[in-house]
Amino acid sequence: MRLLEVRDLEAGYGDVQVLKSVSMHVNEGEVVAVFGSNGSGKSTFLKVLAGILKPWGGSIKYMDQHIEDLSPEDRVRRGIALASEGRRLFLGMTVEENLILGAWTRKDRVKESLEKVYSYFPELYRKRKDLAGDLSGGQQQMLSIGRALMSGPKLLMIDELSLGLAPAVVERLAGILLRIREEEGISMIVVEQEVSLALEISDRAYVFDLGEIVDEGRSEDLLKRDTIRKTYLSVL
Amino acid sequence: MGRHDLVVLAGLLALSILPPFLTDYLERVITSALLLASLALAQNILLGYTGYPAFGSVAFFGVGGYVTAVLMKDLSLPFPLALLCGTLFSGLLALLIAPPVMRLKSHYFAITTLALQLALGELVANLEVTGGAQGINLPIYRGPGGYLIFYYLFWTLTLVAFLINAYVERSTFGYALKAIREDEVAAETLGVNTLLFKTASFTLMALITGCSGGIYAYWITYIDPTSMFDPVLSVKMFVALLMGGVGTVGGPVAGAFVLEVVSETLWGQFPRVHGLILGLLIVLIVLIIPKGIWRRR
Numbered sequence: 001m002r003l004l005e006v007r008d009l010e011a012g013y014g015d016v017q018v019l020k021s022v023s024m025h026v027n028e029g030e031v032v033a034v035f036g037s038n039g040s041g042k043s044t045f046l047k048v049l050a051g052i053l054k055p056w057g058g059s060i061k062y063m064d065q066h067i068e069d070l071s072p073e074d075r076v077r078r079g080i081a082l083a084s085e086g087r088r089l090f091l092g093m094t095v096e097e098n099l100i101l102g103a104w105t106r107k108d109r110v111k112e113s114l115e116k117v118y119s120y121f122p123e124l125y126r127k128r129k130d131l132a133g134d135l136s137g138g139q140q141q142m143l144s145i146g147r148a149l150m151s152g153p154k155l156l157m158i159d160e161l162s163l164g165l166a167p168a169v170v171e172r173l174a175g176i177l178l179r180i181r182e183e184e185g186i187s188m189i190v191v192e193q194e195v196s197l198a199l200e201i202s203d204r205a206y207v208f209d210l211g212e213i214v215d216e217g218r219s220e221d222l223l224k225r226d227t228i229r230k231t232y233l234s235v236l
Numbered sequence: 001m002g003r004h005d006l007v008v009l010a011g012l013l014a015l016s017i018l019p020p021f022l023t024d025y026l027e028r029v030i031t032s033a034l035l036l037a038s039l040a041l042a043q044n045i046l047l048g049y050t051g052y053p054a055f056g057s058v059a060f061f062g063v064g065g066y067v068t069a070v071l072m073k074d075l076s077l078p079f080p081l082a083l084l085c086g087t088l089f090s091g092l093l094a095l096l097i098a099p100p101v102m103r104l105k106s107h108y109f110a111i112t113t114l115a116l117q118l119a120l121g122e123l124v125a126n127l128e129v130t131g132g133a134q135g136i137n138l139p140i141y142r143g144p145g146g147y148l149i150f151y152y153l154f155w156t157l158t159l160v161a162f163l164i165n166a167y168v169e170r171s172t173f174g175y176a177l178k179a180i181r182e183d184e185v186a187a188e189t190l191g192v193n194t195l196l197f198k199t200a201s202f203t204l205m206a207l208i209t210g211c212s213g214g215i216y217a218y219w220i221t222y223i224d225p226t227s228m229f230d231p232v233l234s235v236k237m238f239v240a241l242l243m244g245g246v247g248t249v250g251g252p253v254a255g256a257f258v259l260e261v262v263s264e265t266l267w268g269q270f271p272r273v274h275g276l277i278l279g280l281l282i283v284l285i286v287l288i289i290p291k292g293i294w295r296r297r
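For the protein sequence lines, the chains are A and B, in the order given.
One point on numbering: in the numbering used here, the residue at position 158 of the first sequence is 158, and numbering is uninterrupted.
One point on numbering: in the numbering used here, the residue at position 217 of the second sequence is 217, and numbering is uninterrupted.
Computed Cβ-Cβ distance ranges for the label pairs, DEER-style:
# : chain 1 : residue 1 : chain 2 : residue 2 : range
1 : B       : S106      : A       : E183      : 36 to 44 Å
2 : A       : G92       : B       : L281      : 26 to 34 Å
3 : A       : N27       : B       : S106      : 39 to 47 Å
4 : B       : V286      : A       : G137      : 30 to 38 Å
Note that these hints are calculated values from the structure, not bench results.
Built from N, CA and C at the ideal position, the CB exists for glycine as well.
Let's have the full structure, built from the sequences with the hints guiding it.
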């Protein structure tokens, strides 16, 4: 069943159009990767889905309801959560304060959500009294994902999972994400520049270029496709 | 509330039993310090926790003072009722202007509030009901306790403002404000209604500042636009806040008392150059302890 359906989405900043007629969908329980070169509009796309950026045109249907005009707050309430690019943590606040803020839209379930997040990321429990700014890059990414999970999302969007992280850390995070998908049944959109990782953890993928979707398909099929291998995986 | 803040709270509570041992001069110095502390604590909610510097927050000091004074003089309202109206009017004004003003960021916001302070000062100077540039004379308080009543009014206001800051520090309301301070867009993506919380923070600041202005008006008994919308008061309040520690509960109180005591001492010892020495001292303190004397981390 379709959880998210985007049709002919257009958006930009000022007079500059970034997204041009983007159409895609996410099924329930599915992990969808979005990749492409720098400036291809991937992060802008997530900002529009999260409600931070207003679309110029097109439609966004989530659980069969139009959400284009909903505020970010209302989208979080309905189960759309974003782990932003660059993590955007509250560095001057503790790990636990960051997590509590993640559950802003369902304050009645903070304890339960904290327990769940700590079970996926035990490091965060050990560091719960530390400032977010004092964490390592990997721990900050865990906190970013954990904070997004605190809202109890049905659709989790992760912008640049591997940015600035060691391969071993990325591998571990990818494993945790798959575990979360399996145990919680959460659908995910993973925006990622590391294409091999994106295809490895996803069921399907969309390729962005200059604000348009130029290719799409099942991840295992895309991995075999010559154009993808040459352009994004440096395989000659 | 941390251990440091409990020390400030204990100090504040001790001030309540101090008056019988104080000379008139010391009583006045402490009253002035409490006034400054209340303003710095109000600003701390907006700047320290929400990250919005209102250079012109003294506008609400003037509004609170003038509304209190006009109601006492023209409508013969008793002081407590006039003060309540002055405080609420300041809060209402903040509530009305917050939606457009709180969409501005950093220096644009700061300059806009400063413009508001200057514009309101000009408006008051040209209205008949406010006495124009001549100002307003209020009756001298002759009730029980004499002028000590103003000591206790500022003490109560400072204590309330301190407790509000302590609440903000540890409550989910405060978490939302701090999230806005740290990263407003990130706060929004978590579902925090940022405009609502910024408006609440701005209004809370205005209520405390307006109340302080109302007490000040009756304490001084004569107000004019220059004294009630005085940019120097804004500067003093910011210096006290920066010296004490922005975003700490006890810092604004500590900063206000240090500034007032040092300022008064220098005034007494070096009447000709006290301003110069005070300025140098402030520069030194900011250079040596940029996060303020009360900053824990």
